[in-house]
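Here the protein sequences line up with chains A and B, keeping their order. Under my numbering, the first residue of the first sequence carries the number 2, and numbering increases by one thereafter. Under my numbering, the first residue of the second sequence carries the number 2, and numbering increases by one thereafter.
Warning: the hint list may mix true and false statements.
For chains that are exact copies, the list does not tell them apart, and a pair is met inside one copy or across any two.
[What the hints assert, rightly or not] With a Cα cut of at most 30 angstroms, we get these calculated BS3-like pairs of lysine-lysine:
{"#": "1", "residue 1": "Lys204", "residue 2": "Lys395"}
{"#": "2", "residue 1": "Lys142", "residue 2": "Lys80"}
{"#": "3", "residue 1": "Lys395", "residue 2": "Lys383"}
{"#": "4", "residue 1": "Lys215", "residue 2": "Lys204"}
{"#": "5", "residue 1": "Lys89", "residue 2": "Lys383"}
{"#": "6", "residue 1": "Lys445", "residue 2": "Lys269"}
{"#": "7", "residue 1": "Lys445", "residue 2": "Lys24"}
{"#": "8", "residue 1": "Lys225", "residue 2": "Lys133"}
{"#": "9", "residue 1": "Lys360", "residue 2": "Lys24"}
{"#": "10", "residue 1": "Lys446", "residue 2": "Lys70"}
{"#": "11", "residue 1": "Lys89", "residue 2": "Lys142"}
{"#": "12", "residue 1": "Lys395", "residue 2": "Lys360"}
{"#": "13", "residue 1": "Lys445", "residue 2": "Lys89"}
{"#": "14", "residue 1": "Lys446", "residue 2": "Lys24"}
{"#": "15", "residue 1": "Lys146", "residue 2": "Lys133"}
{"#": "16", "residue 1": "Lys133", "residue 2": "Lys24"}
{"#": "17", "residue 1": "Lys262", "residue 2": "Lys83"}
{"#": "18", "residue 1": "Lys445", "residue 2": "Lys19"}
{"#": "19", "residue 1": "Lys152", "residue 2": "Lys198"}
{"#": "20", "residue 1": "Lys90", "residue 2": "Lys24"}
{"#": "21", "residue 1": "Lys152", "residue 2": "Lys142"}
{"#": "22", "residue 1": "Lys446", "residue 2": "Lys257"}
Since the hints were derived computationally from the structure, they do not count as laboratory data.
There are 2 protein chains.
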Amino acid sequence: MRFIVIGGDAAGMSAASKAKRNKPDLEVIVLEATEDVSYSACGMPYNIADPSRAMDDLIVRRSDVFRSKQGIDLRTGHKVMKIDRTNKKVLYETSNAQTGAIEYDKLLIATGARPIRPEMPGIDLDGVLVLKSLQHGRIIKEFLKKSSPHKVLIVGMGYIGLEMAEAFHSLGMSITMVKPGPRLLAFMPEEMASVVKRELSDKGIECHPGVGVKAIDIDGSRLKALTTSGYIQTDLVMMSVGITPESELAAEAGLKLGPKKSIAVDRKLVTSDHDIFSAGDCADAFHVITGKRVWVPLALRANRAGWAVADNVTGGDVELPGIMGTAVFKVLDLEVARTGLSFEEASSEGYDAVQEMIKSRSRAHSHSGNQTIYVNLVADRKTGKLLGGSMVGKEGVAHRIDAIAVALHAGMTVEHFFQCDMAYAPPFSPVWDPMLTAANQLLKKL
Amino acid sequence: MRFIVIGGDAAGMSAASKAKRNKPDLEVIVLEATEDVSYSACGMPYNIADPSRAMDDLIVRRSDVFRSKQGIDLRTGHKVMKIDRTNKKVLYETSNAQTGAIEYDKLLIATGARPIRPEMPGIDLDGVLVLKSLQHGRIIKEFLKKSSPHKVLIVGMGYIGLEMAEAFHSLGMSITMVKPGPRLLAFMPEEMASVVKRELSDKGIECHPGVGVKAIDIDGSRLKALTTSGYIQTDLVMMSVGITPESELAAEAGLKLGPKKSIAVDRKLVTSDHDIFSAGDCADAFHVITGKRVWVPLALRANRAGWAVADNVTGGDVELPGIMGTAVFKVLDLEVARTGLSFEEASSEGYDAVQEMIKSRSRAHSHSGNQTIYVNLVADRKTGKLLGGSMVGKEGVAHRIDAIAVALHAGMTVEHFFQCDMAYAPPFSPVWDPMLTAANQLLKKL
Chain A
2 MRFIVIGGDA AGMSAASKAK RNKPDLEVIV LEATEDVSYS ACGMPYNIAD PSRAMDDLIV
62 RRSDVFRSKQ GIDLRTGHKV MKIDRTNKKV LYETSNAQTG AIEYDKLLIA TGARPIRPEM
122 PGIDLDGVLV LKSLQHGRII KEFLKKSSPH KVLIVGMGYI GLEMAEAFHS LGMSITMVKP
182 GPRLLAFMPE EMASVVKREL SDKGIECHPG VGVKAIDIDG SRLKALTTSG YIQTDLVMMS
242 VGITPESELA AEAGLKLGPK KSIAVDRKLV TSDHDIFSAG DCADAFHVIT GKRVWVPLAL
302 RANRAGWAVA DNVTGGDVEL PGIMGTAVFK VLDLEVARTG LSFEEASSEG YDAVQEMIKS
362 RSRAHSHSGN QTIYVNLVAD RKTGKLLGGS MVGKEGVAHR IDAIAVALHA GMTVEHFFQC
422 DMAYAPPFSP VWDPMLTAAN QLLKKL
Chain B
2 MRFIVIGGDA AGMSAASKAK RNKPDLEVIV LEATEDVSYS ACGMPYNIAD PSRAMDDLIV
62 RRSDVFRSKQ GIDLRTGHKV MKIDRTNKKV LYETSNAQTG AIEYDKLLIA TGARPIRPEM
122 PGIDLDGVLV LKSLQHGRII KEFLKKSSPH KVLIVGMGYI GLEMAEAFHS LGMSITMVKP
182 GPRLLAFMPE EMASVVKREL SDKGIECHPG VGVKAIDIDG SRLKALTTSG YIQTDLVMMS
242 VGITPESELA AEAGLKLGPK KSIAVDRKLV TSDHDIFSAG DCADAFHVIT GKRVWVPLAL
302 RANRAGWAVA DNVTGGDVEL PGIMGTAVFK VLDLEVARTG LSFEEASSEG YDAVQEMIKS
362 RSRAHSHSGN QTIYVNLVAD RKTGKLLGGS MVGKEGVAHR IDAIAVALHA GMTVEHFFQC
422 DMAYAPPFSP VWDPMLTAAN QLLKKL
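All chains should be built: construct the whole structure from the sequences, respecting the hints.
Here it is, written out as structure tokens:
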């Protein structure tokens, strides 16, 4: 049996490796358009922040290891042009313009996502950069080395935009951030988002929600962005306005699409064609709380879905329960995390949503080094169930969020969560963990 | 109605305060034998480590605040000598030897626990110290100031012994630790405990499990401990061999006792007398996993039980699900945490226990500052349910344990836990959180 994987990043290589481990005599062919496979994409902002490091440090496993040690027929520089479902073939073109076709028994589409480049004058100018692939990372790093930019305009304030703000800040650059929408980190209550805004401002980073970019132009040796509130001169424009699934191949093959043009898959990662799977940033997922299809491209899901595909291709019967958008990121000295539904999301999903935000401390009363920690919890008044949570603080946020995520997976009520026996020691929390304090306050509103 | 509370520490003052908040016209009298109420006992090792701080910094709320602002009739220096259940009275003696009696409608016994002072020659010598109450803390601090000891022998290697080792280490003292039992931190696999042992040894702390102390004697201006493997000269002996519940009052009043002479209470914190509650380090609890009575005196439970008593005294009907011994402590540069049942505990409880220990990293592949993190998970082969977990590492342990605790409260299987959507960002974990990696490995044994 032949298993073909289109795309050699997290989902694709996880699937290829595990399928081969599960069933060593399976023929596994990976077709990857670029020369890069298996790298830690999320590590790029930190690598960019460190001029002494090569971007290729982020490669987790090199192509030759997949080939020689794992017996995977990994073909880089192979771009798939078409999926012929009738004849169960993929048609490809190599980087030196050769074409070919291979038949598959089972196929995995793991084409990932690409950064959105909004249509506007100047979007293709030198110095207008995006970040998603390792090649993007190399381009940014080369631009920094070659042009020594002093000033950067970051368009977008999502995870990547904020992580890149930290990276550019550590390189001593002057930073302005804009986004068209009025709210920074809209999944959190405004008071919590304002903690992030204050941190940016304390570090000298200008942050203007509600400002869109309409065009970019050359201005002598620099760039000039025309925004909805005037011109901004800059040396570099970092476009971090989101990503979009690479689903064209799937769409042209007539496969069903899900939210935001992602590839629709069932809980076994099967598309609308029972011989074709999809996993990673190109595929959708079910939301654990709402049960609805969502598209939240994150690394853990990509890896997990890759493994599940491998199991299902090799005779298993794995169903994934789904995702909740659990995420954490670091921005300067802050940790920001979320899981499940925000108050606004819960309300628009039809829940009788209620939320509570509390301010607590990261350590015990009178313990030195105490930091403020903010916790927001969202619940459903009708069932008493926890629906989501978010946190921000200088320490203790990143791993706490997983406790809330587990509670959501278990369908816990706020009352049950409040009764959980959590850990306490003075260096790590108050006696009542901030999550418990939030749960206790939220209970009063239920 | 009159609500009398015996003992003014965590459980007692939590109960008194909340009862008064719930029902301002309730008469609330607290009888406390010492002059200290409402202090952060767990903060004492950190306070002792800092000579510039007064021990009284650990007082969370002063007596006069309870009296004037909260309307609680707080009587310090009142030691209760007897509970007369027939006449619903408590008999007390004050610190200036006056006696009296007061009638109660509802009574809470929150007498806490006292450190064990093993019977041996020399146990009462000057310089043989224990730590449980604020007064013990003051005595240690005064001893350090007065005698400037260079060397300390710590007897016991539990949380307090290890936290005190850190405190004495930060004061530049030379430290030897002994305990009669053969294993350090027996709730963890030996390989994980050896990480702690190595950390102690790296910091120059001698650690000898399997060595008991038989007698202590004066040796010139110093002390000399006779151990099962020879004499140890020292300036100070820190006895940290555990605590025992202060349950004599309850026992003499004929109340039913639980494990290790703790006071037996039901889920509403009611003792075998329906007008008498017990909470805090003197009372037992139900184990969430086994459903059995256990005595695990920890701060969160004391506070939580105090609140529940207050609610039940003021017309509520609160039942606490129980505890799981979730705990964390810091020792030097390590964080150590546990929750639920260890492999040995699970086996002796009759489960078909299986465990897996994995070594992972605290940060993503190639992220700087990576530390090793060890995770042990225990499950029941018959049901696939998670039964417990422990962790050790230099970062990221303290709050991760709560995710496992929540999973245990929810009765999750290892499979379900493995499917949880956890947070990932390079500074905080690998893509597969160490807990998920442990769950995945454990699944292979189920």
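Verification of the hints:
1. Lys204 with Lys395: Intra 14 angstroms, inter 28 angstroms, cutoff 30 angstroms: intra and inter.
2. Lys142 with Lys80: For Lys142 and Lys80, only the intra-copy Cα distance (25 angstroms) is at most 30 angstroms; the inter-copy one is 72 angstroms.
3. Lys395 with Lys383: neither (34 angstroms within a copy, 42 angstroms between copies)
4. Lys215 with Lys204: within (27 angstroms within a copy, 60 angstroms between copies)
5. Lys89 with Lys383: neither (49 angstroms within a copy, 43 angstroms between copies)
6. Lys445 with Lys269: between (40 angstroms within a copy, 20 angstroms between copies)
7. Lys445 with Lys24: Answer is between; shortest inter-copy Cα gap is 16 angstroms, intra-copy 54 angstroms.
8. Lys225 with Lys133: within (24 angstroms within a copy, 66 angstroms between copies)
9. Lys360 with Lys24: between (52 angstroms within a copy, 26 angstroms between copies)
10. Lys446 with Lys70: between (58 angstroms within a copy, 26 angstroms between copies)
11. Lys89 with Lys142: neither (41 angstroms within a copy, 78 angstroms between copies)
12. Lys395 with Lys360: For Lys395 and Lys360, both the intra-copy (13 angstroms) and inter-copy (27 angstroms) Cα distances are at most 30 angstroms.
13. Lys445 with Lys89: Cα proximity of Lys445 and Lys89: none, with 59 angstroms in one copy and 34 angstroms across.
14. Lys446 with Lys24: The answer is between: 19 angstroms across copies meets 30 angstroms, while 54 angstroms in one copy does not.
15. Lys146 with Lys133: Close inside one copy (19 angstroms), not across copies (59 angstroms); limit 30 angstroms.
16. Lys133 with Lys24: neither (32 angstroms within a copy, 59 angstroms between copies)
17. Lys262 with Lys83: This pair counts as within: shortest intra-copy Cα distance 18 angstroms, inter-copy 75 angstroms.
18. Lys445 with Lys19: Classified as between: cross-chain Cα gap 14 angstroms, same-chain 48 angstroms, threshold 30 angstroms.
19. Lys152 with Lys198: within (19 angstroms within a copy, 50 angstroms between copies)
20. Lys90 with Lys24: Classified as within: same-chain Cα gap 22 angstroms, cross-chain 75 angstroms, threshold 30 angstroms.
21. Lys152 with Lys142: Answer is within: at 15 angstroms inside a copy they meet the 30 angstroms cutoff, but 55 angstroms across does not.
22. Lys446 with Lys257: neither (42 angstroms within a copy, 38 angstroms between copies)
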